[in-house]
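Read top to bottom, the protein sequences are chains Z and E. To convert, count from 1 in the first sequence and add 115; that's the numbering used here. To convert, count from 1 in the second sequence and add 1449; that's the numbering used here.
Note that these hints are calculated values from the structure, not bench results. Don't take every hint at face value.
As the list claims (entries may be wrong) - Taking beta-carbon pairs under 7 angstroms as the criterion, some of the chain Z residues facing chain E (in silico):
{"id": "1", "residue": "131"}
{"id": "2", "residue": "139"}
{"id": "3", "residue": "142"}
{"id": "4", "residue": "181"}
{"id": "5", "residue": "200"}
{"id": "6", "residue": "204"}
{"id": "7", "residue": "206"}
{"id": "8", "residue": "219"}
{"id": "9", "residue": "224"}
Unchecked claim - Simulated pairs of lysine to aspartate or glutamate, EDC-like, Cα-Cα distance not exceeding 16 angstroms:
{"id": "10", "chain 1": "Z", "residue 1": "189", "chain 2": "E", "residue 2": "1608"}
{"id": "11", "chain 1": "Z", "residue 1": "276", "chain 2": "Z", "residue 2": "141"}
{"id": "12", "chain 1": "Z", "residue 1": "189", "chain 2": "E", "residue 2": "1607"}
For every residue, glycine included, the Cβ atom is placed at its ideal position computed from N, Cα and C.
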Amino acid sequence: MSGKIILEGKDLVKSFGGRHAVDHVDFHLNDGEILGLIGPNGAGKTTLFNLISGALTIDSGLITLFGQKISGKKPYTICRMGIARTFQAAKNFPGMSVYENLLISAQFGQKNVGASAAKTITDEIIEFTALESFIGKNIKDMPLAGQKRLEVARALATKPKILLIDEVMAGLNPSEVDEAIGLVRKINDSGITVIMIEHVMKAIMSVCGRIMVLHHGQNLAEGTPEEVSSNAGVIEVYLGG
Amino acid sequence: MSSYTIILFSSIIMYIILALSWNMFSAPTGYISLATAAFFGAGIYTTAFLGELLPLPLLMLAGGIISCMLAVIVGAVTLRLRGVYFTIFTFGLVELLRSLVLWAEIKFTHVRGRFVVSADHMTVFWCMAVLLILLIAAIVLIRRSRLGKSLEAIGESEDAAAHIGVNTTAVKVAMFAISAFAVGAAGAAMATRWSYVDPGIAFNSMYSFMPVLMAIFGGTRSTVGPIAGAIVFAYLEETLITKFPSLYMIIFGLIMVGAILFLPNGIIGLIKPPVMKLIAKLPKRRVRQ
Ligand SMILES: Nc1ncnc2c1ncn2[C@@H]1O[C@H](COP(=O)(O)OP(=O)(O)O)[C@@H](O)[C@H]1O
Ligand SMILES: [Mg+2]
Chain Z
116 MSGKIILEGK DLVKSFGGRH AVDHVDFHLN DGEILGLIGP NGAGKTTLFN
166 LISGALTIDS GLITLFGQKI SGKKPYTICR MGIARTFQAA KNFPGMSVYE
216 NLLISAQFGQ KNVGASAAKT ITDEIIEFTA LESFIGKNIK DMPLAGQKRL
266 EVARALATKP KILLIDEVMA GLNPSEVDEA IGLVRKINDS GITVIMIEHV
316 MKAIMSVCGR IMVLHHGQNL AEGTPEEVSS NAGVIEVYLG G
Chain E
1450 MSSYTIILFS SIIMYIILAL SWNMFSAPTG YISLATAAFF GAGIYTTAFL
1500 GELLPLPLLM LAGGIISCML AVIVGAVTLR LRGVYFTIFT FGLVELLRSL
1550 VLWAEIKFTH VRGRFVVSAD HMTVFWCMAV LLILLIAAIV LIRRSRLGKS
1600 LEAIGESEDA AAHIGVNTTA VKVAMFAISA FAVGAAGAAM ATRWSYVDPG
1650 IAFNSMYSFM PVLMAIFGGT RSTVGPIAGA IVFAYLEETL ITKFPSLYMI
1700 IFGLIMVGAI LFLPNGIIGL IKPPVMKLIA KLPKRRVRQ
């Protein structure tokens, strides 16, 4: 399951004012795995995604994708190099239909995608994420679970090698969580490597091969779900609440 | 046609060009630009300096290119700013250019202001008409292009656009520059209307505000809206200035406030619903809405 390292961050630092949101964090991602990223609110998980995807610039450190430096690059470049992301609060294009949301991602997500290729990708992603019943709908008329699925679908339409998923299960009911877990597995089975931030423990424990725990912007623990859930430090700050 | 009518038509076309140019960038992106007067003034000063060397169409081309380059420089710096900061900066740009041109003019030519070659009213009218047709064609083509789609995405959610592979800075600067080209070309042609210009006349912030008012009054969501708004306001300006010179700005302001309060989609929004019903009966081409 775990292949060679495809994405790596070394000694990453990001501060806002005096506050270290990400404080000398190291991480790596193996080809083909699902890496879980957990930690209390404010631990710096989303900030780490923002650094990887180029939404924020790092203060110091280095991020490499397939051995190539990506820290310092713009979000659109990083996207085209193969890293897609979702936002914790879904950022779909509210004035466009579901179909157009996906079409535009397909058009811009990779270099040189023609109009007909973009349509093919769009149809494929609609089927893959089971969004058929929403195709012509306005975003605001969709239920939360549908909006979150579209958020994932928009990222998939850029044809990534790595997908960063930020709390896509927050606010879903148990059966919707099960569907979302199924979708994450299906994405991974299709060959996409995943980093997933999630508070729903059931999802993390059942889906992730490896888990990394952040606390106050620092690496707290890392290992298999069993290792992490029996780690004394983790139980104290997080699982034990 | 009398020469009065031709001049009035040229001036209406000028306002249509300014309103459409403003609308083609600011409406989809939501970045409210007040830089129109800066680009218009750059066009005017192009003719003021080169008027005797080049025929009118080439002056327009030169004015367009100079405004375009100005927009690329300004856009690269300011389009990182969002919301009201961008608006304030573009407004400051008009003041900045006015002072800069004034300083340079006095320093290098030792006079303030210059005489502008005059052009035949009919020539100006035809040049402006051709520019308008080219601009409308560009607007229609761009709206359907990748550039148009990415502008729309930026207006809807700039962060989301950046993370699906849209080079947001390049897209915004490109569109800002294209819209500045038309404004600069219009300025270069209309400069011949004044026999004398100085930086105060050329860089007049009225030319920043009027296009915004016209587009909002007419409706920013379509191409017809700014055209309708520009025609109404240009005609109003003409009649109000001659009939009620002292009340002109007050009446203008009242109409504007009324339009914002009662016509959120502009005057086109009033006419559109019945027309849209007709269009809805035609076969559909787009999945939109
Ligand atoms: N853009 C920002 N500006 C200022 N502070 C921020 C910004 N983004 C995150 N923070 C701060 O950084 C810390 C980590 O936030 P975040 O990465 O969102 O945590 P998590 O996703 O783990 O809940 C928090 O204290 C948060 O307030
Ligand atoms: Mg978060």
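Quick rundown of the hints versus the structure:
Taking 7 angstroms as the C-beta contact cut-off toward chain E, the hint placing residue 131 (chain Z) at the interface is violated, the least distance being around 17 angstroms. The beta carbon of residue 139 (chain Z) is not positioned within 7 angstroms of any beta carbon in chain E (closest approach about 26 angstroms), and the interface hint is therefore violated. Violation of the interface hint for residue 142 (chain Z) is found here, the shortest Cβ-Cβ separation to chain E being roughly 20 angstroms, above the 7 angstroms cut-off. Of the supplied interface hints, the one on residue 181 (chain Z) is violated, with its beta-carbon coming no nearer than about 18 angstroms to a beta-carbon of chain E, more than 7 angstroms.
About 6 angstroms separates the beta-carbon of residue 200 (chain Z) from the nearest beta-carbon of chain E, less than 7 angstroms, and the hint is met. Taking 7 angstroms as the C-beta cut-off, the interface hint given for residue 204 (chain Z) is violated, the closest approach to chain E being about 10 angstroms. Interface restraint check for residue 206 (chain Z): the shortest CB-CB distance to chain E comes to about 4 angstroms, inside 7 angstroms, so the restraint holds. The beta carbon of residue 219 (chain Z) comes within 5 angstroms of a beta carbon in chain E, closer than 7 angstroms, and the hint placing it at the interface holds.
Proximity of residue 224 (chain Z) to chain E holds as hinted, the smallest CB-CB distance being about 4 angstroms (cut-off 7 angstroms). This hinted pair checks out: residue 189 (chain Z) and residue 1608 (chain E) have alpha carbons roughly 12 angstroms apart, not beyond 16 angstroms. At most 16 angstroms may separate the alpha-carbon atoms for a hinted pair to count; residue 276 (chain Z) and residue 141 (chain Z) exceed this at roughly 21 angstroms. Note on residue 189 (chain Z) and residue 1607 (chain E): the hinted pairing holds, with a Cα-Cα distance of about 13 angstroms set against a maximum of 16 angstroms.
Of the numbered hints stated above, those contradicted by the structure are hints 1, 2, 3, 4, 6 and 11, listed in ascending order.
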